[in-house]
Amino acid sequence: MSNFINSSIGKKLIMSISGLFLIMFLLVHLTANLFLLGGSDAFNLSAHFMDTNPLIQIMQPVLALGFFIHILYGIIIELQNRASRPVNYAKVNQKDASTWASRNMIWLGLFVFAFLVTHIINFFWVLKFGELETVFVDGEQMENSYALVSGLFMNGTTGIIYSVAYIIGFIALGLHLHHAFWSAFQTIGWSNIKWRKRLTIIGDIYAIIIAVGFSIIPIYFLFIN
Amino acid sequence: MAHKTINIKLKVWRQKDAKSKGAFETYELKNISVDSSFLEMLDVLNEKLVSENKEPIAYDHDCREGICGMCSLFINGRAHGPDDLITTCQLHMRKFSDGETIVIEPWRVGSFPVIKDLMVDRTAYEKIMQAGGFVSVSTGGVPDANAIPIPKEDADEAMDAAACIGCGACVATCKNSSAMLFVAAKVSQLALLPQGKVEASRRAKNMIAKMDELGFGNCSNTGACEMECPKGISLAHIARLNREFLTANIKS
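Residue numbers (our numbering), protein chains in the order written: chain A, 1 to 225; chain B, 1 to 252.
Please note that a few of the clues may not be correct.
Straight line, CA to CA, 30 Å or less: simulated DSS-like cross-link-like pairs of lysine-lysine [what the hints assert, rightly or not]:
{"id": "1", "chain 1": "A", "residue 1": "Lys-194", "chain 2": "B", "residue 2": "Lys-231"}
{"id": "2", "chain 1": "B", "residue 1": "Lys-16", "chain 2": "A", "residue 2": "Lys-11"}
{"id": "3", "chain 1": "A", "residue 1": "Lys-91", "chain 2": "B", "residue 2": "Lys-152"}
{"id": "4", "chain 1": "A", "residue 1": "Lys-91", "chain 2": "B", "residue 2": "Lys-95"}
{"id": "5", "chain 1": "A", "residue 1": "Lys-197", "chain 2": "B", "residue 2": "Lys-152"}
{"id": "6", "chain 1": "B", "residue 1": "Lys-21", "chain 2": "A", "residue 2": "Lys-197"}
{"id": "7", "chain 1": "B", "residue 1": "Lys-231", "chain 2": "A", "residue 2": "Lys-11"}
{"id": "8", "chain 1": "A", "residue 1": "Lys-11", "chain 2": "B", "residue 2": "Lys-210"}
{"id": "9", "chain 1": "A", "residue 1": "Lys-91", "chain 2": "B", "residue 2": "Lys-21"}
{"id": "10", "chain 1": "A", "residue 1": "Lys-197", "chain 2": "B", "residue 2": "Lys-175"}
{"id": "11", "chain 1": "B", "residue 1": "Lys-95", "chain 2": "B", "residue 2": "Lys-116"}
{"id": "12", "chain 1": "B", "residue 1": "Lys-95", "chain 2": "B", "residue 2": "Lys-127"}
FYI, nobody ran anything at the bench for these hints, they're computed from the structure.
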């Protein structure tokens with residue numbers, strides 16, 4: 001078993017499974033977020049549901065572990081890969097051989113991680129441990145999560161800076177997913193000549209849904225609201 | 001008909017031996033026929049160097065028909081240079097323009113150490129093959145070729161994988177120096193056929209273990225190997241190798 005986990009394919013399988021888990025998480029997160037477009041009450045109810053649902057509470061530490069493993073193995077694999085070429089080429093031309101995103105997964109990943117840290121400080125930390133004003137929705141008292149989100153994005157110049165930063169973060173995430181989705185299936189072995197094309201298309205659709213879906217939120221607060 | 005020729009500048013990696021520190025040297029060549037192959041152009045350069053009492057450039061080559069896999073060379077940032085589905089001997093000077101500077105480097109892979117100048121030691125591939133890239137045959141009479149029926153699709157796919165000439169372009173071009181396409185081709189060509197299926201699990205496990213032990217990198221599915229492979233071996237074979245390796249580990 002340890003032989004398997006330490007093998008190159010074993011490590012990649014860990015990247016693939018943890019990645020697919022994070023791919024599922026993003027869809028759940030996006031669904032909850034889109035309630036923001038339904039106004040204050042809708043989003044507060046959705047946030048309150050996520051905060052009190054026992055399944056979500058169980059999944060939170062699992063999710064943190066998923067991120068940790070994915071990032072840790074990503075870095076281990078990258079360092080090993082660098083070590084396997086002690087002398088670099090003076091000239092490399094890969095623009096026609098592979099996609100830019102596939103060659104820069106580690107940088108896109110680290111960029112998304114930096115964004116994730118900012119995002120946790122902005123929202124998760126405040127919701128979890130901060131003192132937030134409360135509101136009554138349908139007679140039930142709950143934290144005013146909507147005010148927290150709108151407060152960040154509709155705060156004059158700071159709001160604009162945050163909005164742009166979030167959109168850039170989502171673009172990086174989309175590019176990461178553009179390679180990640182198909183790649184995860186290839187690693188498990190669920191691919192062949194036909195399915196590679198299909199998975200690439202499904203992956204691109206998914207990446208666009210995620211990047212555009214999340215970006216709608218800061219854009220909504222900036223322009224429409 | 002006027003014969004078209006070009007003048008070129010070459011930046012070639014020169015390295016005395018495995019232990020020495022190498023460096024680029026610049027050479028100029030005039031009136032090179034655009035119809036000559038890349039290796040013929042290097043022969044012209046070497047003739048010139050010999051006549052000047054200088055050490056000629058060492059580079060690998062053998063059949064010069066694009067089927068032996070000996071010629072290597074990373075030319076202008078690409079394995080086997082600026083053309084697809086070819087080895088360096090099949091690259092022609094018409095792919096370059098007059099006055100162009102051409103950078104020539106050896107394969108840069110930790111597991112393929114430089115022997116001299118542009119020659120690298122690809123014994124690592126032999127070691128992977130010895131770990132399982134074969135079918136064990138008990139002695140006895142030669143069986144009839146058509147005794148075991150094989151579906152046409154399987155035979156075709158096995159043949160596609162068997163086209164691998166072990167040149168090393170996949171590893172050389174891979175940003176991770178991963179040998180997955182090579183191992184995938186060798187595993188696929190046997191795993192698809194009834195004669196090879198018997199040892200499929202053991203083969204996948206042993207070849208991957210050897211590949212890892214020799215210090216090749218981890219595949220990240222960029223697909224560059226497939227694009228630079230002179231035989232057009234598909235990434236689908238890597239998916240098959242992953243399947244073979246995972247099921248082999250689940251079974252044990």
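Hint check results:
1. Between Lys-194(A) and Lys-231(B) the CA atoms are separated by roughly 20 Å; this keeps the pair inside 30 Å, and the hint holds.
2. A hinted pair counts as satisfied when its Cα atoms are at most 30 Å apart, and Lys-16(B) with Lys-11(A) does not qualify at roughly 38 Å.
3. Using a Cα cut-off of 30 Å, the hinted pair Lys-91(A) and Lys-152(B) is violated, with the two alpha carbons roughly 43 Å apart.
4. Distance check on the hinted pair: Lys-91(A) and Lys-95(B) sit about 18 Å apart at the alpha-carbon level, within 30 Å; holds.
5. A threshold of 30 Å between alpha carbons decides the hint, and for Lys-197(A) with Lys-152(B) the separation of about 23 Å falls inside it, so the pair holds.
6. The hinted pair formed by Lys-21(B) and Lys-197(A) fails the criterion: a straight-line CA distance of about 45 Å is larger than 30 Å.
7. Proposed proximity of Lys-231(B) and Lys-11(A) is supported: the alpha carbons are some 29 Å apart, at most 30 Å.
8. Taken as a hint, the Lys-11(A) and Lys-210(B) pair is honoured in the structure, with Cα atoms around 16 Å apart against an allowance of 30 Å.
9. At most 30 Å may separate the alpha-carbon atoms for a hinted pair to count; Lys-91(A) and Lys-21(B) meet this at roughly 18 Å.
10. Restraint check for Lys-197(A) and Lys-175(B): the C-alpha separation of about 23 Å stays at or below 30 Å, so the hint holds.
11. The suggested pairing of Lys-95(B) with Lys-116(B) holds, with an alpha-carbon distance near 27 Å, which does not exceed 30 Å.
12. A hinted pair counts as satisfied when its Cα atoms are at most 30 Å apart, and Lys-95(B) with Lys-127(B) does not qualify at roughly 35 Å.
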